[in-house]
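Residue-level listing of the chains:
2 protein chains.
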Amino acid sequence: MITEMAILQVRQKQTGSFEEAFSRAQQLLKQRKGYLGHELHKGIEYPDRYLLIIRWETLEDHTEGFRGSPQYQQWKAMLHHFYEPFPEVVHFNKIY
Amino acid sequence: MITEMAILQVRQKQTGSFEEAFSRAQQLLKQRKGYLGHELHKGIEYPDRYLLIIRWETLEDHTEGFRGSPQYQQWKAMLHHFYEPFPEVVHFNKIY
Numbered sequence: 000m001i002t003e004m005a006i007l008q009v010r011q012k013q014t015g016s017f018e019e020a021f022s023r024a025q026q027l028l029k030q031r032k033g034y035l036g037h038e039l040h041k042g043i044e045y046p047d048r049y050l051l052i053i054r055w056e057t058l059e060d061h062t063e064g065f066r067g068s069p070q071y072q073q074w075k076a077m078l079h080h081f082y083e084p085f086p087e088v089v090h091f092n093k094i095y
Numbered sequence: 000m001i002t003e004m005a006i007l008q009v010r011q012k013q014t015g016s017f018e019e020a021f022s023r024a025q026q027l028l029k030q031r032k033g034y035l036g037h038e039l040h041k042g043i044e045y046p047d048r049y050l051l052i053i054r055w056e057t058l059e060d061h062t063e064g065f066r067g068s069p070q071y072q073q074w075k076a077m078l079h080h081f082y083e084p085f086p087e088v089v090h091f092n093k094i095y
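Chains as they are written, first to last, in numbering that gives the first Met the number 0: chain F, 0 to 95; chain P, 0 to 95.
Honestly, the hints are just simulated from the structure, not real lab data. None of the values given here were measured: they were computed from a predicted structure. One should not assume that every hint holds.
Since the list can't tell identical chains apart, any single copy or any two copies may satisfy a pair.
With a Cα cut of at most 25 Å, we get these calculated BS3-like pairs of lysine-lysine [unchecked claim]:
1) Lys93 x Lys12
2) Lys12 x Lys32
3) Lys12 x Lys75
Between the sequences and the hints, there should be enough to build the whole structure, so can you do that?
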């Protein structure tokens with residue numbers, strides 16, 4: 000299992016629309032091979048900042064499988080315009 | 000429940016010592032009121048970078064309870080010297 004993580008900085012005053020779009024977009028993840036689960040968290044100190052965590056069986060399930068899929072094209076269209084700046088997405092292995 | 004999150008940038012060539020110190024320090028968390036669980040993840044793209052997630056019942060269980068405790072003094076002494084720069088620690092509420 001690997002963990003994909005991104006800090007999403009959402010444009011001012013668009014957090015409500017982002018959360019609504021995310022509630023629909025998250026269904027796209029569940030259709031993909033290797034998807035194990037996800038969480039979206041909203042910042043307490045910075046309410047425009049979100050923590051996105053997605054768990055995949057392998058790194059390639061995200062970087063090749065999901066990003067190369069038709070679902071990713073829909074994900075992009077539904078969500079990417081909310082981010083400013085565009086987030087860095089990184090991956091981790093759980094050790095504890 | 001709230002989620003404490005920090006990206007820990009560990010000094011070059013000290014990742015082995017950091018992981019060993021963390022394996023002992025994590026026991027300190029479990030003694031504190033409001034502690035619900037934690038995870039430490041190691042970066043795939045950046046092997047000196049770690050993702051720390053700690054779940055608490057309330058924000059104050061972390062910011063007042065843990066940070067005001069004798070266990071935090073031990074935690075600091077065991078771990079803080081590994082970080083460069085010192086991490087920003089932020090909190091989140093889970094929405095999905």
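Right, here's what the structure says about each hint:
1. Lys93 x Lys12: Intra 34 Å, inter 20 Å, cutoff 25 Å: inter-copy only.
2. Lys12 x Lys32: neither (34 Å within a copy, 36 Å between copies)
3. Lys12 x Lys75: within (20 Å within a copy, 38 Å between copies)
The structure fails hint 2 only (numbered hints given earlier).
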